[in-house]
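As they're listed, the protein sequences go chains A and B.
Everything in the first sequence is counted per our numbering, starting at 1 for the first residue and increasing by one.
Everything in the second sequence is counted per our numbering, starting at 1001 for the first residue and increasing by one.
Treat the hints as calculated values from the structure; they're not laboratory data.
Being a predicted model, the structure only gives us computed values, none of them experimental.
C-beta: ideal position from N, C-alpha, C; glycine also.
Heads up, some of the hints might be wrong.
Here are a few chain B residues that face chain A, going by a calculated C-beta distance under 10 Å [unchecked claim]:
id: 1; residue: E1124
id: 2; residue: A1132
id: 3; residue: Y1141
id: 4; residue: Y1142
id: 5; residue: T1146
So these bits of chain B aren't anywhere near chain A, every CB distance computed over 12 Å [stated by the list, open to error]:
id: 6; residue: E1019
id: 7; residue: P1030
id: 8; residue: A1049
id: 9; residue: Q1090
id: 10; residue: D1095
id: 11; residue: A1102
id: 12; residue: A1127
id: 13; residue: E1131
id: 14; residue: D1139
Straight-line alpha carbon distances no greater than 20 Å define the calculated PhoX-like cross-link-like pairs of lysine-lysine that follow [stated by the list, open to error]:
id: 15; chain 1: A; residue 1: K341; chain 2: A; residue 2: K382
id: 16; chain 1: B; residue 1: K1053; chain 2: A; residue 2: K133
id: 17; chain 1: A; residue 1: K200; chain 2: B; residue 2: K1053
id: 18; chain 1: B; residue 1: K1005; chain 2: A; residue 2: K200
id: 19; chain 1: A; residue 1: K223; chain 2: A; residue 2: K7
id: 20; chain 1: A; residue 1: K274; chain 2: A; residue 2: K31
id: 21; chain 1: B; residue 1: K1024; chain 2: B; residue 2: K1012
id: 22; chain 1: B; residue 1: K1012; chain 2: A; residue 2: K133
id: 23; chain 1: A; residue 1: K68; chain 2: A; residue 2: K188
id: 24; chain 1: B; residue 1: K1053; chain 2: B; residue 2: K1005
id: 25; chain 1: A; residue 1: K188; chain 2: A; residue 2: K45
id: 26; chain 1: B; residue 1: K1020; chain 2: A; residue 2: K146
id: 27; chain 1: A; residue 1: K231; chain 2: A; residue 2: K246
id: 28; chain 1: A; residue 1: K146; chain 2: A; residue 2: K36
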Amino acid sequence: MTQILFKDINKKNLHTMKVYEGIGGYQSLKKAFSQKPEEIVEAVKASGLRGRGGAGFPTGLKWSFLAKDVFPRYLCCNADESEPGTCKDRELLLKNPHLLIEGMILCSYACRIETGYIYLRGEFHDLSLIMDKALDEARAKGYLGKNILGSGFNLEIHTHLGAGAYICGEESALLNSLEGGRGEPRMKPPFPAVEGLYSKPTVINNVETLCVVPYIVNEGADKHAALGTEKSKGTKLVSVSGHVKKPGNYEIELGTPTSELIFNMAGGIQNDNKLKAFIPGGSSVPMLPADKVDTPYDYESLAEAGTMLGSGALIVIDDSINIVEATLRLISFYMHESCGKCTPCREGTRWLHQIVERIMQNKGQLEYITKLEDICDNMAFKAFCPLADACVAPVVSSIKYFRSDYEEYFKNVPAGVAR
Amino acid sequence: MAKYKFTKNQEKEISGILEKYPVKTSALLPLLTLVQRSDQLVSPEAMVAIGEKLDVSPAYVQSVMSFYTMYHTQKVGKYMILFCINISCQLNGCDKLLEHTARKLNIKVGETTSDEKFTLHREECLAACTEAPMMRVNDTYYGNLTEQRIDQIIDSLD
């Protein structure tokens, strides 16, 4: 299987300039600078690369939406990786920081950007030090700064640490946070491409997305487009976690069956239990039952199966637990992380939590399920950002596929329990 | 209220931070982080001083700060243990391990030991799901935890 991002990931000292250049690092810059910026944007469009952070928006298209002739423009790399189940960006940042820098240089040249920020979640303090060191090395080599490699192109890149807020991974909340405000999402439009950081045109891309760009420039858009399926091009890092024997980040060509990831790459289910459910794209997407495990891991096939590829975090659940336990944990996460700006999200996440907790205390009744569905219906797509929708996903899908797990709790309701 | 004084080194660091941004307010989170890393909390005096550096009111500083879970206004232990309890860790038995850790430290989750050495908190996902169950102690990530490994880690910290 072709690997773009993880080909050399375990090479010793890959995080240093010397080793990175030794495997051909930063070679794409000369090639890029011999082309017009627009040609790079077109190549990224033609490559079929889509955002790897969660939404899956076509990357080249995003770049082409920047407001014309408005400067300065900014690039923000989203390294606020916080979606439960997801830890692929952490591995890239930890082991291959120069790949991200190279990708950011290419994006900035293509979009005529002279300042870039890497927004890392606050808990990634150690990674910010690694990144700062790599940035220093790149400056010393003349890959950053004024007139890079004599091209006339200038670029500075800085790291910026958040301070513990999942919502700052949402792009408009990230911008507010980077501007020194509370990390609450903004109303869209205007989209960041028109009014982003400091109200200037801004590109926001995930770490993994930017790390693919050097491959596209080096090898050509066609070579990237030839990987994967007809509509889902390229490769994807998938964080496989939960009840598997060999949890880890694995790079696959899009379209690889999910079962291959679980049973082959990740070594199958722990204790040889039976697979019960899996969440294919991080905690924000609907879970699927075991009989869908052969679904090809790509954007379209997962959408057709009623879920999403999301951030590429495959959470595997075996038959040793009641699905309601896992669902409550996820609701609890969204309740904790709701910024409180929009009523459906702020109140809805709490109500869902209260009801499911009551069910688990054997104080529920069948009508509670209808109530849960009703609340979900009033939360989804009714807030500024997708956090409420994300909270709804595990609830609705767990009821759809594992209703009997809820009903288990209704069997043992003691007589006379106040409802 | 006594005036908060930045050290010479901090002043130098602050100048470096301010150079990164075309708009000063962007330095707010970095400055809060700088203060907390030296004082282990952000005091009201420090909020005023940060506000003065960035031309914003202390109330603004406080309102932004209160949004983020990593800033503290109360003293915490020398070692802050953040124990991940989200789904991948849950599936790998973190609840029992968290109980074990609290028992070992003889505190409840959310509390600080009487010698002010350890504070124990539940934490939402820390992005190390493939190493679940895991915890973060100050800046260090520890994965693939077992009761024995937790004991060893805690005993090794002085």
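These are the hints, each one checked on the structure:
A hinted interface residue such as B:E1124 counts as satisfied when its beta carbon comes closer than 10 Å to some beta carbon of chain A; here the least separation is about 5 Å, so the hint holds. Hint on B:A1132 holds. Least Cβ distance to chain A is approximately 6 Å, under the 10 Å limit. With 10 Å as the threshold, the beta carbon of B:Y1141 comes within range of chain A, its nearest partner Cβ sitting at about 8 Å, so the hint holds. For the restraint placing B:Y1142 at the interface with chain A, the shortest Cβ-Cβ distance is roughly 12 Å, beyond the 10 Å limit, so the hint is violated.
For B:T1146, the interface hint is violated, the least distance from its beta-carbon to any beta-carbon of chain A being 14 Å, above 10 Å. Chain A draws B:E1019 into its interface by the beta-carbon criterion, the shortest separation being 9 Å against a cut-off of 12 Å. Distance check on B:P1030: its Cβ comes as close as 7 Å (rounded) to a Cβ of chain A, failing to clear the 12 Å threshold; non-interface status is violated. Against the 12 Å criterion, B:A1049 stays outside the reach of chain A, whose nearest CB is about 16 Å from its own CB.
Chain A draws B:Q1090 into its interface by the beta-carbon criterion, the shortest separation being 5 Å against a cut-off of 12 Å. Distance check for B:D1095 against chain A: the nearest CB is about 10 Å away, which does not clear 12 Å, and the non-interface claim fails. With a cut of 12 Å on Cβ distances, B:A1102 stays outside the contact zone with chain A, its closest approach being about 18 Å. For B:A1127, the requirement that its beta carbon stay farther than 12 Å from each beta carbon of chain A is not met, with the minimum near 5 Å.
Residue placement check: B:E1131 does not keep its beta carbon more than 12 Å from all beta carbons of chain A (closest about 7 Å). A cut-off of 12 Å between C-beta atoms contradicts the statement that B:D1139 is not in contact with chain A; the least separation is 5 Å. Using a Cα cut-off of 20 Å, the hinted pair A:K341 and A:K382 holds, with the two alpha carbons roughly 12 Å apart. Among the hinted pairs, B:K1053 with A:K133 is inconsistent with the structure: their alpha-carbon atoms are about 27 Å apart, more than 20 Å.
For a cut-off of 20 Å, the pair hint linking A:K200 to B:K1053 is broken: about 25 Å separates their Cα positions. This hinted pair does not check out: B:K1005 and A:K200 have alpha carbons roughly 35 Å apart, beyond 20 Å. With a C-alpha separation of about 16 Å, the suggested pair A:K223 and A:K7 falls inside the 20 Å cut-off, and the hint holds. A hinted pair counts as satisfied when its Cα atoms are at most 20 Å apart, and A:K274 with A:K31 does not qualify at roughly 51 Å.
Between the alpha carbons of B:K1024 and B:K1012 the distance comes to roughly 16 Å, so the proposed pair stays at or under 20 Å and holds. For the proposed pair B:K1012 and A:K133, the alpha carbon gap of about 19 Å is at most 20 Å, so the pair holds. Distance hint between A:K68 and A:K188 is fulfilled; the C-alpha atoms sit about 19 Å from each other, no more than 20 Å. For the hint pairing B:K1053 with B:K1005, the CA-to-CA distance comes to about 12 Å; that is within 20 Å, so the pair holds.
Under the criterion of a C-alpha separation no larger than 20 Å, the hint pairing A:K188 with A:K45 is inconsistent with the structure, at around 24 Å. For the given pair, B:K1020 sits about 15 Å from A:K146 by alpha-carbon distance, which is consistent with the 20 Å threshold. Pair hint A:K231 plus A:K246 does not hold up; C-alpha atoms about 30 Å apart against a cutoff of 20 Å. For the proposed pair A:K146 and A:K36, the alpha carbon gap of about 18 Å is at most 20 Å, so the pair holds.
Consistency with the previously given hints fails for numbers 4, 5, 6, 7, 9, 10, 12, 13, 14, 16, 17, 18, 20, 25 and 27, ordered from lowest to highest.
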